[in-house]
Amino acid sequence: MLPQRWPKWSLIVIAFALVVAVIGAALVLAPLGEALAPTVVPTPTLPTINYARPLSGECENCHFDREALAASAQPAEDTDVFYIDPGSLETPHGSLGCITCHEGTGNEADKEVAHQGLIDDLSETHPEDCLLCHRDLPDQIPEDHLRTPHGEIVDAVWEGSACGVLCSDCHGEVGHGFDPVTGEIICPMSVCLDCHINRNLDTHLTDCNTCHVGPHDVSQSLNCKDCHIGTDTWRETSLAVHPVELTGYHATTDCFSCHGWPNFKGLDYVCSDCHERPHDFGNDDCALCHTPEGWTESADALVAGASPFPHPVAGQEDCRSCHGVAGQQSIPEDHKGRTNDTCQICHEAAPAPAILHPVADHSACLDCHGEGQIVQFTLSVHAGRDEASCSTCHAEAGVVPLAIQHTMDGRADCLSCHAADAFKPFPASHEGWTNDLCLLCHEAGAAPTEADHPFPQDHNRTEGNCVLCHPAGDFEAYHCETCHALEGMSQIHGARGIEQIENKCVLCHPDGKAP
Amino acid sequence: MGQTAWGWLVVIYLFLGGLGAGAFLTAAAFELSGLRARCEFCPTTLTGSCISGPAVALGSALLILDLGAGKAEPWRMVYLFTHFSSPMTWGIWILCLFIPVALLYGLLELIDAEPFIKGLFWARVPKVLQNLKAYRRRIVIVGCFLAVGTAVYTGVLISAAGPSVPLWSQPILPFLPVPMMPLLFLVSALSTGLGLTFDLAATIARPEIHEEVRAMPLIHIVLIGLENILIGLLLITALSSGGAAADSAREIMYGPLRIIFWVGVVLIGLVFPFVVHAYAIGAGRHSLWSGIVAGVGIVVAGLFLRYLIVVAGIPAYL
Numbered sequence: 001m002l003p004q005r006w007p008k009w010s011l012i013v014i015a016f017a018l019v020v021a022v023i024g025a026a027l028v029l030a031p032l033g034e035a036l037a038p039t040v041v042p043t044p045t046l047p048t049i050n051y052a053r054p055l056s057g058e059c060e061n062c063h064f065d066r067e068a069l070a071a072s073a074q075p076a077e078d079t080d081v082f083y084i085d086p087g088s089l090e091t092p093h094g095s096l097g098c099i100t101c102h103e104g105t106g107n108e109a110d111k112e113v114a115h116q117g118l119i120d121d122l123s124e125t126h127p128e129d130c131l132l133c134h135r136d137l138p139d140q141i142p143e144d145h146l147r148t149p150h151g152e153i154v155d156a157v158w159e160g161s162a163c164g165v166l167c168s169d170c171h172g173e174v175g176h177g178f179d180p181v182t183g184e185i186i187c188p189m190s191v192c193l194d195c196h197i198n199r200n201l202d203t204h205l206t207d208c209n210t211c212h213v214g215p216h217d218v219s220q221s222l223n224c225k226d227c228h229i230g231t232d233t234w235r236e237t238s239l240a241v242h243p244v245e246l247t248g249y250h251a252t253t254d255c256f257s258c259h260g261w262p263n264f265k266g267l268d269y270v271c272s273d274c275h276e277r278p279h280d281f282g283n284d285d286c287a288l289c290h291t292p293e294g295w296t297e298s299a300d301a302l303v304a305g306a307s308p309f310p311h312p313v314a315g316q317e318d319c320r321s322c323h324g325v326a327g328q329q330s331i332p333e334d335h336k337g338r339t340n341d342t343c344q345i346c347h348e349a350a351p352a353p354a355i356l357h358p359v360a361d362h363s364a365c366l367d368c369h370g371e372g373q374i375v376q377f378t379l380s381v382h383a384g385r386d387e388a389s390c391s392t393c394h395a396e397a398g399v400v401p402l403a404i405q406h407t408m409d410g411r412a413d414c415l416s417c418h419a420a421d422a423f424k425p426f427p428a429s430h431e432g433w434t435n436d437l438c439l440l441c442h443e444a445g446a447a448p449t450e451a452d453h454p455f456p457q458d459h460n461r462t463e464g465n466c467v468l469c470h471p472a473g474d475f476e477a478y479h480c481e482t483c484h485a486l487e488g489m490s491q492i493h494g495a496r497g498i499e500q501i502e503n504k505c506v507l508c509h510p511d512g513k514a515p
Numbered sequence: 001m002g003q004t005a006w007g008w009l010v011v012i013y014l015f016l017g018g019l020g021a022g023a024f025l026t027a028a029a030f031e032l033s034g035l036r037a038r039c040e041f042c043p044t045t046l047t048g049s050c051i052s053g054p055a056v057a058l059g060s061a062l063l064i065l066d067l068g069a070g071k072a073e074p075w076r077m078v079y080l081f082t083h084f085s086s087p088m089t090w091g092i093w094i095l096c097l098f099i100p101v102a103l104l105y106g107l108l109e110l111i112d113a114e115p116f117i118k119g120l121f122w123a124r125v126p127k128v129l130q131n132l133k134a135y136r137r138r139i140v141i142v143g144c145f146l147a148v149g150t151a152v153y154t155g156v157l158i159s160a161a162g163p164s165v166p167l168w169s170q171p172i173l174p175f176l177p178v179p180m181m182p183l184l185f186l187v188s189a190l191s192t193g194l195g196l197t198f199d200l201a202a203t204i205a206r207p208e209i210h211e212e213v214r215a216m217p218l219i220h221i222v223l224i225g226l227e228n229i230l231i232g233l234l235l236i237t238a239l240s241s242g243g244a245a246a247d248s249a250r251e252i253m254y255g256p257l258r259i260i261f262w263v264g265v266v267l268i269g270l271v272f273p274f275v276v277h278a279y280a281i282g283a284g285r286h287s288l289w290s291g292i293v294a295g296v297g298i299v300v301a302g303l304f305l306r307y308l309i310v311v312a313g314i315p316a317y318l
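For the record, the sequence lines run as chains A and B. Taking the working numbering, the leading residue of the first sequence gets 1, the next gets one more, and so forth. Taking the working numbering, the leading residue of the second sequence gets 1, the next gets one more, and so forth.
There's no promise every hint is true.
[What the hints assert, rightly or not] Restricting the straight-line Cα-Cα distance to at most 20 Å, the calculated cross-link-like pairs of lysine to any residue (SDA-like) are:
| # | chain 1 | residue 1 | chain 2 | residue 2 |
| --- | --- | --- | --- | --- |
| 1 | A | Lys8 | B | Arg38 |
| 2 | A | Lys8 | B | Trp90 |
| 3 | A | Lys8 | B | Lys118 |
| 4 | A | Lys8 | B | Pro54 |
| 5 | B | Lys133 | B | Phe81 |
[Unchecked claim] So the derived label-pair ranges between C-beta atoms look like this:
| # | chain 1 | residue 1 | chain 2 | residue 2 | range |
| --- | --- | --- | --- | --- | --- |
| 6 | A | Gln344 | B | Leu176 | 20 to 26 Å |
| 7 | A | Thr237 | B | Val271 | 51 to 57 Å |
| 8 | B | Leu239 | A | Trp158 | 44 to 50 Å |
| 9 | B | Arg137 | A | His259 | 54 to 60 Å |
| 10 | B | Tyr254 | A | Asn198 | 53 to 59 Å |
| 11 | B | Tyr254 | A | Lys265 | 52 to 58 Å |
| 12 | A | Gly337 | B | Leu239 | 52 to 58 Å |
| 13 | A | Asp226 | B | Val271 | 15 to 21 Å |
| 14 | B | Ser85 | A | Val20 | 57 to 63 Å |
| 15 | A | Val113 | B | Tyr254 | 33 to 39 Å |
Just so you know, these hints were derived from the structure itself, not from any lab. Glycine included, every Cβ here is placed at the ideal spot set by N, Cα and C.
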């Protein structure tokens with residue numbers, strides 16, 4: 001399309017020219033467009049406000065001074081009625097000066113002269129003056145959730161028709177300290193209600209939506225009055241319709257600490273919706289251990305009441321494999337939902353007594369320890385236990401019972417030698433045990449062989465009576481003096497020049513015979 | 001009554017800043033995507049690169065002309081560079097960096113398109129500058145960031161003044177406190193840049209380019225649609241927020257600015273180009289005149305949009 005003879009850079013010139021042309025056209029067309037579209041609704045011309053603070057000095061001299069006011073007020077009790085806090089000068093309306101709204105002669109000291117032409121309520125006599133500044137008043141005040149009749153009132157005033165409501169009905173003290181914008185002085189709802197009733201406007205008083213713009217969109221299920229029970233503040237609420245009874249701290253906390261603003265969404269009645277779990281163990285179902293009456297106290301009570309468990313933890317960390325609700329040793333119903341890592345928060349390990357004999361060859365525990373058996377377990381603790389569960393709690397102590405170092409022939413009454421007061425007493429742990437039990441753990445010894453015992457066991461009428469040579473059960477040493485008194489043997493051997501023979505008999509008499 | 005501090009000089013700056021940034025980004029898109037390399041002569045790249053630097057420089061000059069105290073006491077302008085908490089300082093730095101980069105890119109592109117220019121002075125250019133051609137792609141990438149900054153800055157500038165003029169500080173949505181103006185100005189910058197360099201310049205120079213870049217009408221429709229949505233949101237948000245912002249929106253839609261808005265922006269700049277590009281998608285190509293008129297309409301609307309936003313800015317009621 002670009003003519004062949006035109007250089008390529010002419011394209012840049014064309015583009016620039018277009019931009020310049022567009023700007024030039026806009027400079028012409030924009031004012032033209034505005035001229036062809038004049039404002040349809042003319043802006044009303046308002047009179048300027050008659051700012052008269054400098055002319056209100058005498059008003060302030062009297063009405064800001066209780067003494068001056070008391071001196072001129074008739075009757076005297078009206079002093080409080082006409083006294084004005086000087087602090088009201090700090091508010092937007094107060095700073096306008098008295099005669100701006102009330103007229104009169106504010107720089108005249110004489111009371112009668114000063115009050116001539118006084119207007120008590122500007123919004124009653126010249127309501128349009130209020131509109132000098134407040135023509136565009138909001139119908140709704142979102143931050144206060146209020147619906148107002150501002151539009152109707154302002155339009156009525158603007159058109160010069162009476163609407164029966166004055167600005168001062170709601171904003172009466174606006175020049176004397178009340179500041180409806182900053183909200184420093186809150187107008188309670190009871191003021192509105194009184195006014196409505198006095199004006200016979202009470203037909204709508206039962207409908208909160210007459211004045212209030214509720215922030216919640218729950219009208220399908222709730223009325224305002226289901227929760228809000230006071231007229232002085234929104235925060236006075238009832239829990240009567242709450243689907244779950246609230247107790248403890250929950251009964252006093254703000255609704256939206258738990259519920260989502262503004263429509264109460266996003267809560268499943270789970271503690272973790274609001275509370276952050278401060279510990280790593282357990283799960284988010286806090287109510288398993290805690291109650292709203294006291295998080296710490298309720299958990300402490302559980303810990304204090306928890307029983308110890310009688311087995312070691314190592315190798316058995318998965319508590320619920322045995323103690324699930326349907327497990328071997330089932331836990332109480334109220335423990336349902338608790339996790340393995342919470343068990344030892346309450347329950348301490350208190351392992352059962354260890355097994356003091358080898359388990360090998362003695363694996364049938366109940367043969368000895370079962371109900372009615374020779375070493376019966378403690379019934380109150382072990383009731384219902386079966387063979388398989390013994391080793392869950394009881395571990396082998398690693399003790400190997402001493403073997404009986406003699407034969408049992410003729411020695412069936414163990415306690416005759418091994419009772420606590422006998423010459424070879426059993427250990428204190430055997431206290432109370434009877435002869436029946438000894439051979440359950442201790443293995444009876446066989447008679448030593450000739451290789452083990454080169455000295456003849458039938459030596460001269462001993463007839464295998466070991467204790468004759470090994471008194472006190474000491475089989476590491478021998479003792480010939482039971483039959484061969486040392487004194488006599490020493491005389492006989494001394495006569496032959498053999499001295500120091502004590503405990504040396506077998507050196508010369510290995511077969512118990514004369515050398 | 002709208003604000004009186006900013007007038008046509010600022011409007012034209014906002015327009016040229018956006019147009020220049022958008023033109024650069026369009027040229028860069030052709031460059032970086034390889035579209036430029038496919039043809040011997042790419043009018044979009046040539047126009048975009050050569051327009052962007054001068055347009056932004058001219059706009060910045062107008063901005064200086066608009067200065068009050070700074071014009072009388074120019075030494076005070078140094079503060080513009082050192083007041084780092086001010087969005088204006090950010091903008092000054094962006095402009096000062098973007099303009100030379102864009103001019104350099106334009107020069108490189110012009111030399112490529114018109115070799116005789118190279119013969120005129122290239123031999124006298126220092127070696128270091130001659131070597132810059134090897135860094136052309138990197139220059140374009142850096143320029144892209146600065147171009148986006150320039151386009152967004154025009155919106156940031158106006159929204160930074162927003163608290164005193166509520167229309168300018170409207171959020172994207174009433175519940176999303178992100179300023180609307182930077183996004184709207186960025187989209188508008190892309191649209192006007194594309195309109196000038198592709199719809200207009202490329203159609204004039206090589207009408208067959210529409211056959212080669214078939215996705216362009218669709219891209220333009222997306223941009224126009226997005227701009228449409230943002231303008232609609234701006235007006236709705238302003239109306240719903242009440243006060244001066246709502247009055248600004250009313251002035252635009254059915255006040256004294258309504259003809260400029262409905263004709264200059266909506267009809268010429270949004271509806272017409274939208275229809276034309278939609279037709280082009282259906283027909284598979286643009287006609288010579290549909291391309292040119294759509295491009296002109298988009299550029300015109302870009303200027304009027306900024307004019308409306310500036311003059312309809314009513315100061316907040318105290």
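For each hint, the structure was consulted:
Simply put, Lys8 of chain A and Arg38 of chain B have alpha-carbon atoms about 17 Å apart, close enough for the 20 Å limit, and the pair holds. For the suggested pair Lys8 of chain A and Trp90 of chain B, the alpha carbons sit about 36 Å apart, so the restraint of at most 20 Å is broken. Annotation: proposed proximity of Lys8 of chain A to Lys118 of chain B holds, straight-line Cα distance about 14 Å (limit 20 Å). Between Lys8 of chain A and Pro54 of chain B the alpha-carbon distance is near 18 Å, which keeps this suggested pair within the 20 Å criterion.
Note on Lys133 of chain B and Phe81 of chain B: the hinted pairing is violated, with a Cα-Cα distance of about 30 Å set against a maximum of 20 Å. One distance hint, 20 to 26 Å for the beta-carbon pair Gln344 of chain A and Leu176 of chain B, is violated here, with the actual separation near 50 Å. In this structure the hint that Thr237 of chain A and Val271 of chain B lie 51 to 57 Å apart at CB holds, the actual value being about 53 Å. Range check, Leu239 of chain B to Trp158 of chain A: Cβ separation about 22 Å, and the 44 to 50 Å hint is violated.
Checked against the hint of 54 to 60 Å, the pair Arg137 of chain B and His259 of chain A passes, with Cβ atoms roughly 57 Å apart. Checked against the hint of 53 to 59 Å, the C-beta distance between Tyr254 of chain B and Asn198 of chain A comes to roughly 43 Å, which is inconsistent with it. Look at Tyr254 of chain B against Lys265 of chain A: about 39 Å separates their beta carbons, and that is not inside 52 to 58 Å. One distance hint, 52 to 58 Å for the beta-carbon pair Gly337 of chain A and Leu239 of chain B, holds here, with the actual separation near 54 Å.
Evaluation of the 15 to 21 Å hint for Asp226 of chain A and Val271 of chain B yields a failure: the beta carbon distance comes to about 51 Å. Against the hinted window of 57 to 63 Å, the Cβ-Cβ separation of Ser85 of chain B and Val20 of chain A comes to about 37 Å, which falls outside the hint. At about 53 Å, the CB distance of Val113 of chain A to Tyr254 of chain B disagrees with the hint of 33 to 39 Å.
Consistency note: the structure conflicts with the earlier hints numbered 2, 5, 6, 8, 10, 11, 13, 14 and 15.
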